[in-house]
Amino acid sequence: MNEDAPLTPEEYRLISQYQQGLPLEPHPFARMAEQLRTSEDWVIETLHRLQEEGVVSRIGPVVRPNSIGVSTLVAMRVPPERLEEVAELVNRHPEVNHNYEREHEYNLWFVVTAPDEAHLQRTLAAIREETGLPMLDLPMLEDYFIDLGFPLSWK
Amino acid sequence: MEMKTLRHPQLDDPLQRALLREIESGLPLVARPYAEIGRRLGMSEAEVISRMRRLLASGVLKRLGIVVRHRKLGYLANAMVVWDVPDDQVDRIGRLLGRMPCVTLSYRRPRRLPDWPYNLFTMIHGQDREAVRAHVERLVRDFGLQDIPHEILFSRRSFRQRGARYFSLVSDNERNRDQTGRIR
Numbered sequence: 003m004n005e006d007a008p009l010t011p012e013e014y015r016l017i018s019q020y021q022q023g024l025p026l027e028p029h030p031f032a033r034m035a036e037q038l039r040t041s042e043d044w045v046i047e048t049l050h051r052l053q054e055e056g057v058v059s060r061i062g063p064v065v066r067p068n069s070i071g072v073s074t075l076v077a078m079r080v081p082p083e084r085l086e087e088v089a090e091l092v093n094r095h096p097e098v099n100h101n102y103e104r105e106h107e108y109n110l111w112f113v114v115t116a117p118d119e120a121h122l123q124r125t126l127a128a129i130r131e132e133t134g135l136p137m138l139d140l141p142m143l144e145d146y147f148i149d150l151g152f153p154l155s156w157k
Numbered sequence: 483m484e485m486k487t488l489r490h491p492q493l494d495d496p497l498q499r500a501l502l503r504e505i506e507s508g509l510p511l512v513a514r515p516y517a518e519i520g521r522r523l524g525m526s527e528a529e530v531i532s533r534m535r536r537l538l539a540s541g542v543l544k545r546l547g548i549v550v551r552h553r554k555l556g557y558l559a560n561a562m563v564v565w566d567v568p569d570d571q572v573d574r575i576g577r578l579l580g581r582m583p584c585v586t587l588s589y590r591r592p593r594r595l596p597d598w599p600y601n602l603f604t605m606i607h608g609q610d611r612e613a614v615r616a617h618v619e620r621l622v623r624d625f626g627l628q629d630i631p632h633e634i635l636f637s638r639r640s641f642r643q644r645g646a647r648y649f650s651l652v653s654d655n656e657r658n659r660d661q662t663g664r665i666r
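Chains A and B, in that order, are what the protein sequence lines are.
Just add 2 to the spot in the first sequence (first one is 1) and you have my numbering.
Just add 482 to the spot in the second sequence (first one is 1) and you have my numbering.
Treat the hints as calculated values from the structure; they're not laboratory data.
Treat the hints loosely; a few may be bogus.
[Unchecked claim] For each label pair, taking beta carbons as the anchor points, the in silico distance ranges come out as:
{"#": "1", "chain 1": "A", "residue 1": "Pro81", "chain 2": "B", "residue 2": "Leu497", "range": "44 to 54 Å"}
{"#": "2", "chain 1": "A", "residue 1": "Gly56", "chain 2": "B", "residue 2": "Ala513", "range": "41 to 51 Å"}
{"#": "3", "chain 1": "B", "residue 1": "Val512", "chain 2": "A", "residue 2": "Arg79", "range": "16 to 26 Å"}
{"#": "4", "chain 1": "A", "residue 1": "Ile148", "chain 2": "B", "residue 2": "Ala616", "range": "34 to 44 Å"}
[Stated by the list, open to error] Below are the EDC-like pairs computed for lysine to aspartate or glutamate, each with C-alpha atoms no more than 16 Å apart in a straight line:
{"#": "5", "chain 1": "B", "residue 1": "Lys544", "chain 2": "A", "residue 2": "Glu144"}
{"#": "6", "chain 1": "B", "residue 1": "Lys544", "chain 2": "A", "residue 2": "Asp145"}
{"#": "7", "chain 1": "B", "residue 1": "Lys544", "chain 2": "B", "residue 2": "Glu518"}
[Stated by the list, open to error] Some chain B residues judged to face chain A by a derived CB distance under 7 Å, without partners named:
{"#": "8", "residue": "Arg522"}
{"#": "9", "residue": "Leu523"}
{"#": "10", "residue": "Glu527"}
{"#": "11", "residue": "Arg591"}
{"#": "12", "residue": "Arg593"}
{"#": "13", "residue": "Leu595"}
{"#": "14", "residue": "Leu627"}
{"#": "15", "residue": "Ile630"}
{"#": "16", "residue": "Gln643"}
For glycine and all other residues, C-beta sits at the position ideal for the given N, C-alpha and C.
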């Protein structure tokens, strides 16, 4: 997938209109097609392809943080020559979802999610032990953001 | 422990948990996705739809729709911008920033002194770094944040980017307690 590959205007319209408000009715894709003046098959095939290309991660829910399980943001100060190795150790845990290198003294940042606090703490302890590195455990205390999807319109 | 571990009352219902587990990694891309989910869970299509309405109305789900990977859409720069806001101002400023279109997350998190002084975390996206810096400058100017220390942490590489999957991690015990008749 070419990262610069632009979406066609039709694909762009599909994505920007349905980041929220997926129709909750028996034939949601047919309804979307009607609103976009296209066919149900086109909607389904396009979503399928964008998902395969990695532009779309899923058609589904965004769950409010901490309403189901628990999560935390972890920061680590990793010696640069160990960064890839440590990132890989961290990624071995299915509890890890986002994992980024950032340009800072704390250079590895990832989110750990678990069904309960004990599970979360076990995962953090395992990562500490496997990497031999200390970490900042930065759980969310308050969510000030109302998620309306990714802002495609202010390009 | 400071972390909030509220489980929403909606999720005391094992069928709601089963439904969430079924949909969290995405709906099936078929003409009648809710009927398909219902088939897997032994529920009618109408019941799936009304349960999903409740998950949305109660706030367990923030939204239901197409979830994009922004890096694939040309928003190549993504910065975590962290702020050290006095405690009595953090709610107000967190909400202000969270409403701006360039901001895609706004969370309060604990300081970890002396290593980490910042208590407000925002995510700011832009097509390049200059765009992100310009957004930050404008936020500082528009909201009068000149006295609030901040740092911009640009991301260099993504080692993993995917949605949280809560239920695929639930222990087998928990799964067996669900009264859905279907255990994946």
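Right, here's what the structure says about each hint:
no.: 1; hint: Pro81(A) x Leu497(B): 44 to 54 Å; verdict: 49 Å, holds
no.: 2; hint: Gly56(A) x Ala513(B): 41 to 51 Å; verdict: 24 Å, violated
no.: 3; hint: Val512(B) x Arg79(A): 16 to 26 Å; verdict: 47 Å, violated
no.: 4; hint: Ile148(A) x Ala616(B): 34 to 44 Å; verdict: 24 Å, violated
no.: 5; hint: Lys544(B) x Glu144(A); verdict: 15 Å, holds
no.: 6; hint: Lys544(B) x Asp145(A); verdict: 12 Å, holds
no.: 7; hint: Lys544(B) x Glu518(B); verdict: 23 Å, violated
no.: 8; hint: Arg522; verdict: 14 Å, violated
no.: 9; hint: Leu523; verdict: 15 Å, violated
no.: 10; hint: Glu527; verdict: 6 Å, holds
no.: 11; hint: Arg591; verdict: 4 Å, holds
no.: 12; hint: Arg593; verdict: 9 Å, violated
no.: 13; hint: Leu595; verdict: 11 Å, violated
no.: 14; hint: Leu627; verdict: 15 Å, violated
no.: 15; hint: Ile630; verdict: 15 Å, violated
no.: 16; hint: Gln643; verdict: 6 Å, holds
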